[in-house]
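J.: Sequence:
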Amino acid sequence: MPRKLLLAACLLLLAARAACAQDKGLLRLKFNTGDVYHYAVEISGTGEMSMRAPEIMDEETFDLPIDLSLYSELELNVTGVDKDGAAGIEIFVNRFRMNAGPDMAVDSVDEEEDMPAVIEAMFDEPLTLKMASDGGVLQAEFPDAGEDPDELMGMFFPTDLRPADILKQALFKLPAQAVAPGATWEHKAAFPLPPAEKKSIEFTYSFTLQGYETVKGLDCAAIAVSVSEDFTKQLSAIELPGFGGEDEVVSMRFDRMLLDFSGMLYFAHKEGVFVGAEGVLEQEMSGAMSSTLEDESVSMNMNLLVDMKIELK
Numbered sequence: 008m009p010r011k012l013l014l015a016a017c018l019l020l021l022a023a024r025a026a027c028a029q030d031k032g033l034l035r036l037k038f039n040t041g042d043v044y045h046y047a048v049e050i051s052g053t054g055e056m057s058m059r060a061p062e063i064m065d066e067e068t069f070d071l072p073i074d075l076s077l078y079s080e081l082e083l084n085v086t087g088v089d090k091d092g093a094a095g096i097e098i099f100v101n102r103f104r105m106n107a108g109p110d111m112a113v114d115s116v117d118e119e120e121d122m123p124a125v126i127e128a129m130f131d132e133p134l135t136l137k138m139a140s141d142g143g144v145l146q147a148e149f150p151d152a153g154e155d156p157d158e159l160m161g162m163f164f165p166t167d168l169r170p171a172d173i174l175k176q177a178l179f180k181l182p183a184q185a186v187a188p189g190a191t192w193e194h195k196a197a198f199p200l201p202p203a204e205k206k207s208i209e210f211t212y213s214f215t216l217q218g219y220e221t222v223k224g225l226d227c228a229a230i231a232v233s234v235s236e237d238f239t240k241q242l243s244a245i246e247l248p249g250f251g252g253e254d255e256v257v258s259m260r261f262d263r264m265l266l267d268f269s270g271m272l273y274f275a276h277k278e279g280v281f282v283g284a285e286g287v288l289e290q291e292m293s294g295a296m297s298s299t300l301e302d303e304s305v306s307m308n309m310n311l312l313v314d315m316k317i318e319l320k
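For the sequence shown, the numbering used here begins at 8 and goes up steadily by one.
Among the hints, erroneous ones may be present.
[As the list claims (entries may be wrong)] Here are the simulated DSS-like pairs of lysine-lysine, each with C-alpha atoms no more than 27 angstroms apart in a straight line:
#, residue 1, residue 2
1, LYS316, LYS137
2, LYS180, LYS90
3, LYS277, LYS316
4, LYS277, LYS223
5, LYS90, LYS316
6, LYS320, LYS180
7, LYS195, LYS316
8, LYS180, LYS316
Derived from the structure by calculation, the hints contain no laboratory data.
Modelling step: build the complete structure from the supplied sequences, incorporating the hints.
T.: Take a look at the structure:
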């Protein structure tokens with residue numbers, strides 16, 4: 008979960024930075040070679056997961072509280088800008104702190120503590136992107152975390168799906184024309200399910216230019232972003248071959264899967280600088296999991312509330 012949350016924050020950060028406006032009408036990416044930006048990312052998540060498996064657990068219900076806090080300092084370096092406005096970007100992690108309970112607390116200032124592999128790799132090697140002027144990701148390369156990315160991604164995504172393809176779905180596309188306060192636009196995205204399913208879940212980002220506000224002494228475009236989806240019918244049931252073992256197929260049935268996100272992005276449009284973002288994500292899930300190697304099934308319920316904040320340092 009920490010890796011996914013940090014990646015989500017990175018994606019929100021890049022999407023917001025890409026929307027810097029050349030004027031109060033046209034929203035376009037505006038980077039210059041040599042630009043360096045530092046951002047602080049704060050994420051906190053609370054909730055509860057409950058599981059019921061009478062055949063294999065003594066307790067009638069097992070409750071697992073969720074209480075996660077994450078802080079990271081990111082450095083964005085613009086390595087070059089093409090004639091068409093596409094920019095090369097390197098993202099480093101300069102600080103990482105996570106607390107998910109007494110047994111899951113790490114801080115990069117303590118050299119003796121073990122960092123998650125992908126985070127530790129980003130202290131020395133960057134996540135590199137090439138981003139178009141409308142915010143689309145053209146290329147992406149993750150640092151080597153000592154694991155086979157194809158093997159890891161193949162558990163959840165088609166093996167021919169590349170990191171850039173995933174990031175394209177997470178970033179919104181900017182409107183093709185100039186927009187005024189009150190204007191709305193959408194970006195439709197689709198995330199592929201495991202290979203055996205041969206289908207995707209689809210959802211829509213909705214954006215509204217609410218107006219302009221003074222943030223940190225700068226005149227900023229205030230853009231509201233929201234996602235509200237019921238994935239229950241889209242997911243229904245999925246199979247994860249090899250998830251539990253080479254000869255095992257894990258099946259998951261979703262009786263309920265809801266996701267809601269609402270937030271704000273702030274841009275100093277004259278300076279072309281992303282100033283900050285904030286948002287709240289709520290997720291509800293209920294269903295059951297079973298295996299071809301076991302007769303038992305596990306029913307699950309989860310409620311999750313996540314707060315995100317990104318700020319220019």
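J.: Now, for every hint given, state plainly whether the structure supports it.
T.: Do the hints match the structure? See the list:
no., hint, verdict
1, LYS316 with LYS137, "holds (24 angstroms)"
2, LYS180 with LYS90, "holds (19 angstroms)"
3, LYS277 with LYS316, "holds (23 angstroms)"
4, LYS277 with LYS223, "holds (14 angstroms)"
5, LYS90 with LYS316, "violated (33 angstroms)"
6, LYS320 with LYS180, "holds (26 angstroms)"
7, LYS195 with LYS316, "holds (24 angstroms)"
8, LYS180 with LYS316, "holds (21 angstroms)"
The structure is inconsistent with hint 5 alone, although it conforms to all the rest.
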